[in-house]
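From these two lone chains plus the hints, build me the complex, please.
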Amino acid sequence: MTNYIIRRLLLTIPTLIGIITITFLLMYVVPGDPIRILMGQRGDPATIAMIRKQMGLDDPLPVQYFRFLTNVLRGDFGRSYATNRPVLSEILTRFPATLKLALASMLVASVIGLSAGIISATRQYSLFDYSSMVVALMGVSAPVFWVGLLLMWVFGYTLGWLPISGYGNISYLILPAITLGIRPAAYIARMTRSSFLEVLRQDYIRTARAKGLPERRVIYIHAMRNTLITVVTILGMELASLLSGAVLTETIFAWPGIGRLSVDAIIKRDHPMVQGTVLFTAIIFIFANLIVDISYAFLDPRIRYE
Amino acid sequence: MKRFLGVLLVLSLLVALFQPIGMGATKKYGGVLRTAVTSDPPTLDPAQITDTTSDMVARQIFDGLVDYDENLKIVPVIAKNWSISKDGKVYTFNLRQGVKFHNGREVTAEDFVYSWKRVMDPATKSKRANFMEDIAKVEAPSKYVFRVTLKEPRGYFLQMLPYSCFWVVPKEEVEKLGPDFGSKPVGSGPFKFVSWTHDDKVILEANKDYFAGRPYVDRLEIRIIPDETVAIMEFEKGNLDWYENVPPSELDRLKSDPKWKDNIIEKPELGTYYIGMNCQKPPLNNKLVRKAISYAINREQIVKVIMRDSVMIATGILPPGIPGYSKRPPIPYDPEKAKRLLKQAGYPDGKGLPTLELAFNKSATHQRICEAIQSDLKKVGINVELVQMDWAQYLEKVDRGETQLFRLGWIADYPDADNFLWVLFNSKNWGPGGNGAYYKNPTVDELTDKAKIMVPGAARNSLYKRAEAIILDDAPWAPIYFYISRAIKQPYVMDFDFSGMGPFTAKLEKVWLDK
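Protein sequence lines correspond, in order, to chains G and R. Residues in the first sequence are numbered consecutively from 1, following our numbering. Residues in the second sequence are numbered consecutively from 1, following our numbering.
Chain R on its own, in the form it takes in the complex (with noise of 0.2 Å):
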């Protein structure tokens, strides 16, 4: 009797123990989830997406070989597995089978030497042709193995392709809607299109039959609101159930909030906000000058007072979470180093520096920031006259190299060091094609170059280190901060999480409502 009371009693303790973790873990299916975004997304067609917005309502109705996992780890998608050959050409792709179009089709490796191709045929007008120039040859040996060939070895090229342009679509629906495909999309992704009223909602619904299990939610509204700070007060009353677009003037209360502290996320975004120096300019083709000006620029005082650290102090050009990324400490702000340097480049305490222009696009942001260089370079003898200039005009500006300082900020389109070094540095990609400071230096063409071949591991990004600090000690660019990706949800949205590219990556497939 005793023994039998001691199983007894162990057995309601156990039960006691695990229930309230099994109840409180049991997902629930149901719901609308409901967010905003900034702008009326372009187009949904995976061939022509070029913005985050477009891609974060796109990727819920379409899948890819593969994507990021919440950690930038490529997992599989519609590839099962996959396996590349020894020289890094040929990749082959083993894909699921029962993969359904929501038009009820089977995805075949076929789809995807189609939707490759039409990416690459100029017919289709893709924006993103150039993601595929790698590419030699996409086949299909059998209905459920797709294979690229690549026409040299490319590290990154596994990283590249969860990126939309890569994403299958079905043939049969892109032909009979033609140029409407990219407003009726038909994917085989967790969600289907239902609806888009322009600059007002996109509905879509869960996919039921989606391979890898329906999604929690029913619906996904996503509404579009330009303002950002009418989205936080949509929020804030219940009206979204989270939101990306937290703007800095914000963040403060929002963080002070009991109510919202513990459902913020943060993560670190890979992407650098910097001001470029066209090193072909006079008085910028001297190292020593821009260096000088790299050193006088109070980097603390712009994340803190201006951005109110909703961003971080940029330590290199690399931003953390890149493969290579080293972990340095931040650029001095130092104006007495700044004053030396500019002493042994010949002008002592900035006498006979013309007046250099620090141009920018209209921003409120970039305009207290650009201001606040401003003023830092004149506490060190360099004057600046700030330009500013609408997006395209200024675009256009330093594509040519018509400016001498000027603001962007690179986000990855891809997370590999490559997405950095070789396109925003190398010498042969001058002007429109990413490096926008005219630099050039043999040894950091020769690195990056090298690197875009070899295979992903260390050996690869210790050439990526020592470009790195090629680069720094250069100073074609005055890196600012790196950007910090954010969410904002409701207490009740559970599983919501996202990659290091941002919240658009987020996988709504996986959030539950626990209400």
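In isolation and in its complexed conformation, chain G is listed as follows (with noise of 0.2 Å):
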């Protein structure tokens, strides 16, 4: 296992190399000076032309790439061309928000979700089955900032039981954790629901029962174990897609996380914070999938790294 947690550590570097550099091409390829961005409507090229000088940016395209790869091998991505502000700072001081986010939106999505598919599965063709499920289909359509403005009206707004938007205490969290864990959770409901109906049309489930195990154990026991390689599959996926911004949730409640500053510097084709965010959000999928596939041998006995 060690072994393989080393390879597959060693394989993320070319891996992190080759997005860097797919990266740095493609903001080159995309049309926009980010530097006449910044001066606004009106940019005077004298000024333009002495900016793009100063910060190297008229240098060869390969002398600029090897700067750049040699500084963040470094651990130095760079200052921000909007901001002047070091890439690395501005993402760190985002990211307690978007962990906040995350993993509160995910708890909101694996407790409904998995609840939901469980006893859809178990009640397979009940009205709860139904309606969960329709719930669900409703869950995985509804466009991300009309739950959230809806959301923020009824409780925000009308009802004013909780912050309308900002970042602050628990009572922040709970409106853009529900309109960002309604989708996953959907999704997570449907996944387990089928996923947890195939288990249980398995022989050893048949076997347990025959053995005379109490329903509650086959089900808890036996046939959630297996269901879970595909749920855990799901949530590190999930786990992963929010931890790199979720930036409608993110601009309707006023959340300072990374999705906003991503989205605003490939806006302003802010170069450095745009493949800061990128290996920002390679590193976090890298490490989603090897902790994913790590967890199926625990998961699964069956399943072993050499």
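Just so you know, the hints here were simulated from the structure itself, not pulled from any lab data. Among the hints, a few may not be true.
Unchecked claim - Think about it this way: if two alpha-carbon atoms lie no more than 27 Å apart in a straight line, the pair counts; the simulated DSS-like pairs of lysine-lysine are:
1. R:Lys137 to G:Lys53
2. G:Lys53 to R:Lys171
3. R:Lys151 to G:Lys53
4. R:Lys208 to R:Lys237
Written out as structure tokens, the structure is:
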């Protein structure tokens, strides 16, 4: 297992270099001069030329690329063109907010998704099954901004039970977490149900029941563990996706997360910030994948990494 | 006795008459003034500011020599008074004594020399270095005298000075903090920087040693709320004290609500929304086609239906409030005249006219406006294809003159006709400099060049009037509407006002809370 983890970690190096290279090239291919954008609508050509020269943006592409790569290897992601603040500190100051929101919405998603999925599967074709799957379908289909504004209007504006927007104590977290958790909850519910139904048809479940084991034990011990592989995969990927920011939810609820930072960087062609956020997201996905893969071995003893 | 009673009666009446006024006008100190902006300010370093959000926050922390009052008149700030040499090239500012930076050191003329030279220095990478290009020399002949020598006279020089790049910064703090000065600013303004949680809020506190007297409120809280509808919900719930980005969709409702209708402040803003036409690209190099396009646009419908009367129909290039503005009737919606002009240009009913491209940057409002224009032009036989792009790509295309028709809005950097007519129409400024229509008329060039170096006044304004009339006749732009700046405030927010530059210029140190 240790060897497997080391091998996987070593493999991340070429993956990350590949990602850095592709992002770097993409930012140069996409039209739009970052300095021109910062100037506003009127850009004095002489000033643009002066700033580009000062920032080394007129150097040949390979020179800029290797300068960037060597800086990144030294842990220096550079400074944002737009704010002149260090990219890494900009990302890290927003990460706690993103992490809080991601974990809270995953909690919402797991609790709702798993319970709805299991109950639906064990009571297949019941009223609960039909209604929860219809609700799940709505949850998958409903646009995030619409759900967010609706929740905000009802619980924040009309009833005044929760803050409308902003970043603060746990009360500020509830509405954005539900908004962001609804879609993965619906997805998890549907996947849990289908995966559970599949497991429940397996021979070993029939054997367990034939042995006279109580139904509760059959469901929660024998069936559940095998279903978890699918659910853990979804959870891992959803969590990774949430950790890279949720721009719509962050925008509606004025939540200071990484999503807004990344999108703003793309709009402003803020190359160092785009590269920083992309690399950060890539690292999160790589580690989420690794953790998911490792968890398989714990969930299913048949899976062994050599 | 009678006389005594009479005097007593008169005195009582006087007391009764004046007491309520006196009591009501007693300004209260204390409290927190809360507002919101739509994006995190990119920087609070005056040398780097190019946007109104950063400007709004930073102008509470910094001061310059002069500023605008609510009527856009130049008023002294750190400069007590000033004189201008006869040739219009040398400006001598006498500074107030005892103005202090937030670190306790006194502001002197040397600080202005340092601050301005810093903007000019390429190492600072200031995006507004070009604002200093008219300056030949800055010097401090004495501790409280700051002198500026211009290369050539500039009629608008004083009008430019309230712009952020001319504010004063303390050298020792800039050198200590380096590039982080923009995140932890130290100035001499009415409020001191306290904290900044990026994408969440900026907190400033009253500078109790401010030279003009401490601000009334103790603290300013500026939240960052990207969605305007959400900010309005926060405002109506009482979580914000004033807010400037009232979306047009909410305006009718708020204006008809008795709670808010008297608390919405509106002023003509120095800005014009227009459709630019690339004068070098056929068939738009034909003035008749450009004029036909302008007459074919139903501006009233755009203003009423799409913008819900949150703006005014444009009557020319210069918006009201700019010196040199001429009151004209709105450009008429006259499809028949447009057809006649097209026929005269050799395109009867639009026959032979290629499909024109109307480019705009992605936004629901711009899209609706451009769709309305597309439909108006279709009625006179002009086929238009809409092309939408993101802002970065769009700017590049307009700069390079690769568009035919394009939409843009120009908001003045400083309240002077030069900032419209020279910047946007002088042929020296083709492309990114401002003249995206690639317009060239030697008379307009001559008039705007000449007015640039004249002293402000009637003679200068008359040149701008002539230039504007020529431009309107040449039609490199189809002006659509003039902006209106607007802010909404809670009824207890007193003495809140702003200049025609926009609510971002509100003097928050004068605001007090009657609650």
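Verification of the supplied hints:
1. R:Lys137 to G:Lys53: Holds, because 25 Å separates the two Cα atoms, which is no more than 27 Å.
2. G:Lys53 to R:Lys171: Roughly 25 Å between the alpha carbons, so the hint for Lys53 (chain G) and Lys171 (chain R) holds.
3. R:Lys151 to G:Lys53: Given pair Lys151 (chain R), Lys53 (chain G) holds - Cα atoms ~26 Å apart, limit 27 Å.
4. R:Lys208 to R:Lys237: Violated, at roughly 31 Å.
The structure fails to meet hint 4 from the earlier list, while all remaining hints are met.
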